[in-house]
Amino acid sequence: MLKKFSILITTKNRKDDLAFTLIKIQHLLTRNDVECVVFDDGSTDETSTFIKENYPDIILFQNEFSKGLIHCRNQMLNKTSASYAISLDDDAHFLSEKVLENIEDYFISNPKCGVIACRIFWGLELPQNTFSKEKSERTRGFVGCGHVWNMKAWRDIPNYPEWFVFYGEEDFASYQLFKKKWEVHYLPEILVNHRVEVKSRRKDKDYSVRLRRSLRSGWYLYFLFLPISIIPKRFAYSVWMQLKLKVFKGDFKALKALVLALFDLVFSIPKIIKNANRFSLKEYQEYQELEETKIYWKPVIKNES
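In case it helps, the working numbering puts the sequence shown at residues 170 to 474.
Hints are computed from structural coordinates only; laboratory data are not their basis. It should be emphasised that the depicted structure is a prediction, and the values quoted were computed from it without experimental measurement. It cannot be assumed that every hint is accurate.
Here are the simulated lysine-lysine pairs, DSBU-like style, with alpha carbons at most 30 angstroms apart [to be verified]:
{"id": "1", "residue 1": "K321", "residue 2": "K281"}
{"id": "2", "residue 1": "K236", "residue 2": "K173"}
{"id": "3", "residue 1": "K321", "residue 2": "K451"}
{"id": "4", "residue 1": "K181", "residue 2": "K467"}
{"id": "5", "residue 1": "K236", "residue 2": "K267"}
{"id": "6", "residue 1": "K221", "residue 2": "K304"}
{"id": "7", "residue 1": "K236", "residue 2": "K422"}
{"id": "8", "residue 1": "K302", "residue 2": "K467"}
{"id": "9", "residue 1": "K374", "residue 2": "K181"}
{"id": "10", "residue 1": "K402", "residue 2": "K321"}
{"id": "11", "residue 1": "K348", "residue 2": "K402"}
{"id": "12", "residue 1": "K463", "residue 2": "K374"}
{"id": "13", "residue 1": "K236", "residue 2": "K463"}
Sequences and hints are given; from them, build the entire structure.
Put into structure tokens, the structure is as follows:
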């Protein structure tokens with residue numbers, strides 16, 4: 170029986186986070202119109218064994234050795250036959266009700282919508298309230314930890330670029346969707362709790378690696394999609410801001426990330442030339458007029474109008 174909804178989760182060595190997420194979405198997994206797919210990307214903490222023993226109905230994919238988040242997402246999206254694919258991180262779950270109903274109703278009412286971007290609260294503690302005055306609207310892009318694909322749109326664009334490794338794949342897809350006349354819409358009715366403390370990430374051991382990958386993916390996107398006349402100014406500004414806000418303030422991990430990202434950019438020139446899908450100046454201007462991607466949502470503070 171074909172499923173209407175597919176919940177797609179990639180994980181690696183975060184069995185406890187995944188277990189918590191699955192408990193929180195259990196009410197969705199029992200529905201007849203829902204399938205859940207977990208891709209274990211080379212875990213060594215017995216994640217796959219946990220899934221097999223506790224969730225036999227979940228479709229499990231497994232890499233013996235890690236091939237990366239983007240590879241796993243491509244595989245899951247290309248293999249599902251569902252109409253709508255819900256992408257969740259292994260440390261994210263829904264806080265809102267009627268998630269699936271809202272998804273289906275919105276896609277039916279907005280046939281040009283290729284991706285629904287969820288409202289996302291980042292934090293280890295639950296928000297004080299979940300009320301939002303925000304309205305649905307078209308935006309430039311979406312966030313990886315909580316979004317929904319109209320599978321017709323996914324099949325109309327290239328796969329996520331696996332050579333990005335981590336970061337930037339959502340923006341890549343957003344640009345491709347725009348070129349194909351599909352739209353990304355922010356739908357605040359669907360609230361996701363991404364259980365991450367953003368401020369503490371700078372103290373993490375992989376801070377420099379994350380920054381390097383974030384910088385280079387942004388630069389890849391410049392050279393893949395922006396009109397050539399726009400690239401020098403955007404690129405120079407990006408480098409200058411890293412120097413001004415981080416390196417000149419003594420963040421030498423950021424300097425290392427900056428230099429290595431520049432080398433990555435140079436070595437990726439052949440891939441950039443092969444995959445370029447550049448905007449015209451008119452398209453670029455139209456894209457810039459869209460609302461920026463909604464990344465962080467914060468609850469309304471008491472007495473705030």
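To see whether the hints hold, each was checked on the structure:
Proposed proximity of K321 and K281 is supported: the alpha carbons are some 10 angstroms apart, at most 30 angstroms. Between K236 and K173, the direct Cα distance comes to roughly 28 angstroms. Compliance with the 30 angstroms bound is thereby established for this hinted pair. Distance restraint check for K321 and K451: the Cα-Cα separation of roughly 26 angstroms lies within the 30 angstroms cut-off, and the hinted pair is therefore satisfied. Of the pairs offered as hints, the one joining K181 and K467 holds, with about 28 angstroms between alpha carbons and a cut-off of 30 angstroms not exceeded.
Between K236 and K267, the direct Cα distance comes to roughly 34 angstroms. Violation of the 30 angstroms bound is thereby established for this hinted pair. Of the pairs offered as hints, the one joining K221 and K304 is violated, with about 40 angstroms between alpha carbons and a cut-off of 30 angstroms exceeded. Distance restraint check for K236 and K422: the Cα-Cα separation of roughly 26 angstroms lies within the 30 angstroms cut-off, and the hinted pair is therefore satisfied. As the CA atoms of K302 and K467 are separated by approximately 12 angstroms, the hinted pair is consistent with the 30 angstroms bound.
Using a Cα cut-off of 30 angstroms, the hinted pair K374 and K181 holds, with the two alpha carbons roughly 17 angstroms apart. Using a Cα cut-off of 30 angstroms, the hinted pair K402 and K321 is violated, with the two alpha carbons roughly 36 angstroms apart. Between K348 and K402 the CA atoms are separated by roughly 23 angstroms; this keeps the pair inside 30 angstroms, and the hint holds. Note on K463 and K374: the hinted pairing holds, with a Cα-Cα distance of about 27 angstroms set against a maximum of 30 angstroms.
Among the hinted pairs, K236 with K463 is consistent with the structure: their alpha-carbon atoms are about 29 angstroms apart, no more than 30 angstroms.
In terms of the numbered hints stated before, the structure departs from hints 5, 6, 10, listed from lowest to highest.
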